[in-house]
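Make a model of the complete structure from these sequences and hints.
For the protein sequence lines, the chains are R and L, in the order given. Going by the numbering used here, the residue at position 302 of the first sequence is 292; the numbering climbs one at a time, nothing skipped. Going by the numbering used here, the residue at position 358 of the second sequence is 348; the numbering climbs one at a time, nothing skipped.
Just so you know, these hints were derived from the structure itself, not from any lab. Be careful, since some hints might not be right.
Just so you know, same-sequence chains aren't split out, so a pair can sit in one copy or run between any two.
Claimed, not checked - Here are the simulated lysine-lysine pairs, DSBU-like style, with alpha carbons at most 35 Å apart:
#, residue 1, residue 2
1, K158, K405
2, K41, K75
3, K142, K407
4, K279, K82
5, K82, K41
Just so we're clear, the structure is a prediction, and the values are computed from it rather than from any experiment.
2 protein chains.
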Amino acid sequence: MKTLFERITILFENGEVKRDAYLLVEDERISYIGEERPDGTFDRTICGEGKLLCPGFYNGHTHVPMTLFRGYAENLPLSRWLHEKIFPAEDKLYPEAVHAAAMLSAAEMIKCGTVSFSDMYFFCDEIVDATVQSGLKANISRSTVAFTPNIKAEDDSRFLESVELFKKYHNTANGRIKIDMSIHAEYSTMPASCRYISDFAVQHGLGIQIHLSETRSEHEECISRYGVTPTEFFEQNGVFRAPVIAAHCVHLTDNDMQILAKNGATAVHNPASNLKLGSGVMRLSELAKAGVNITLGTDGAASNNTIDIMKEAYLAAILQKGTTGRTDEFNSSFFVTMLTANGAKMQGRADAGHIKEGYRADLVMLDMDMLHTLPIYDPCDSFLYCTNSSNVAMTMVDGKILYENGEFKTLDIEKIKADFKNITKTYFQN
Amino acid sequence: MKTLFERITILFENGEVKRDAYLLVEDERISYIGEERPDGTFDRTICGEGKLLCPGFYNGHTHVPMTLFRGYAENLPLSRWLHEKIFPAEDKLYPEAVHAAAMLSAAEMIKCGTVSFSDMYFFCDEIVDATVQSGLKANISRSTVAFTPNIKAEDDSRFLESVELFKKYHNTANGRIKIDMSIHAEYSTMPASCRYISDFAVQHGLGIQIHLSETRSEHEECISRYGVTPTEFFEQNGVFRAPVIAAHCVHLTDNDMQILAKNGATAVHNPASNLKLGSGVMRLSELAKAGVNITLGTDGAASNNTIDIMKEAYLAAILQKGTTGRTDEFNSSFFVTMLTANGAKMQGRADAGHIKEGYRADLVMLDMDMLHTLPIYDPCDSFLYCTNSSNVAMTMVDGKILYENGEFKTLDIEKIKADFKNITKTYFQN
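This is the structure in structure tokens:
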């Protein structure tokens, strides 16, 4: 299968722009980028007029089944949100509900130009199935908590579930599905468990998804408990020997940032969720200066409320300026890289996240000829500050078109909506 | 003309919700709201299934011609943004360019559910014409600066232009167009000019649009210059005798807020622009506690970059939680009221901004049956946190449909885009 994009403007992962370019996708990879039309015949040619072709977007932290709880718990403090609303709601979960929500979420993400996401939740078989059906990529992890001190790996059912997932799904679906390990958070995991989870990750070359210093109280309670920060706690317990994907990172110390940087960990910035739950604002400047790999995440729909990663990029950019006053600190390209190449790096996808010959054709085509995106002086700036998901004209993963001009190519969207509505209609009645 | 909305969910300006309701629009007003289908025949019936009917949205502060400069000056500090980019760009303005931009902006606002806006700029004849053509409402003011000390009203050409505008357009187009006076800002206006401008406003019952304490330096330089804050300066010079529409209000003191409250002034919150230009975050809690009428504004597209007022409501809500940590301080309804009833109050439109029998039929119908808005537990919460402009299925002003299911009813959208692109293509070449 050969698909040629003709005379299109390309926005690369580093923010560079090439106009009037040709880009050829052969099967699942980009085979040519240039100013000359390549020779040969093509199965499909796509006119690039008024369009912008970008590397696909990565959602670095989410919980896709939580679209079930979108709008269910609003205007509450985090502790009441969790204990009065979310935990009881999660207690009622069952596989069909998770599957229906994961299907809806997959569709929503595709519509917003997402090509891959990192997920931490449970009923992961259902999440894997929805992801495979949708055509998306994902690093999926079983959210693991371990409150029992000195429990052994062989007695930890959640850990064993992770191991099972790894065996069944890691690197399946042509490498689209990867399994990460998970440590839910410092406050929910005993030191011994951190050890065997990270041992397993190191042994099998897996990433570990964690929540890290999301709230001030979480950060400070850890210091009271152990005399160290959550980051130092994880370091002491061997977690950073594996590539860590650390969500939130709102209350990190400078030393925490050094630990992340020297261990090649990724900090996932979730600006909407951190604002909405009153957690605060990640210190982006300091993390960038420390050299940490930084990506963007939506968190779950219960605290966002959409899982639109384009919104997070815009929000991260303006929030950074507004809270520091340093409006010229970052160029727009910084946020484009967060959204694309840094995401692929976080997920261990060495041949993705870049618009480059030989790389996977994970691409988003935006229609820039819309009222709210005119005029265009600099396509990179326009992308960051003007576009939203309504500009997404096409989402392509591994050379396969998943969505084009409002139509889903892999998903029966009416059935997905109907299934989801059936479940949410009665979910809280039982 | 009789239009009946059948079995629709109504979100009122105070956040209350009525399901399965009937709402009848007769000519330009709402004539019936109830649970029973009204008798009679109707020119049009609209099925309310999956829809949410809201009061139309007010954009409290913008400069519509600035869509010309959307994306033109990015990632700069405010002073360089203004002096190196925006002021020189504005020096090149000419009527056709302003008209083309105002037409594009009108379309963009209609698509985002805006029914009325407050504008401060120049070439106002062009802005009035675009507004009248579009079917929108607006309070339009000629941005007035006056650097000459003790200049007399009769020698102030900008003031005289405002007077001219008032005579030509105030309360025209069936009351849709109102003319406000304008005082650009404290730093750009001499005390004597504040006097004659506010005298004129008082004499003719007009509002005065001002920029107020947008940046810290503006606020502090005023204190150095006059020994009082910008708000106190305006009070001393009689400005608050008229209804003031004060944009930004980021750096107000508690006493400033008292002055606004006791004089019935409106503070316009522009969260996106204030973040993006590094100005900071308005103290919403304190303004609300002081009893100030608070609305939302996009500011111009050069600093936003869209003029989508729905985005501002969402942003105001999450920003407030994130910067204060008080996630339960405001219900969603607070922001709905800012977006609707408070806007009508600000603009002196006594029979608008409410869904109420006898009031103007300024309505927005949202399609809630979209991926990113499912499920719906509380329509008011869903509206604030989940919807965006892609949910807007209809915008109606004075009973007239301006936009429905992607189609503009009053505007030739292809011509508007073509005209705008022609102008912006060459704008900076001369």
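Status of each hint after checking the structure:
1. Within a single copy, K158 and K405 get their C-alpha atoms as close as 28 Å, which meets the 35 Å cut-off; across copies the closest is 56 Å, which misses it.
2. Only between protomers do K41 and K75 lie at most 35 Å apart by alpha-carbon distance; the minimum there is 27 Å, versus 43 Å within a single protomer.
3. Within a single copy, K142 and K407 get their C-alpha atoms no closer than 42 Å, and across copies no closer than 66 Å, so neither meets the 35 Å cut-off.
4. For the homomeric pair K279 and K82, neither the shortest alpha-carbon distance inside one copy (44 Å) nor that between copies (40 Å) is at most 35 Å.
5. In this assembly of identical chains, the alpha carbons of K82 and K41 lie at most 35 Å apart only when taken from different copies (29 Å versus 45 Å within one copy).
Going down the numbered hints, you'll see the structure goes against 3 and 4, while the others check out.
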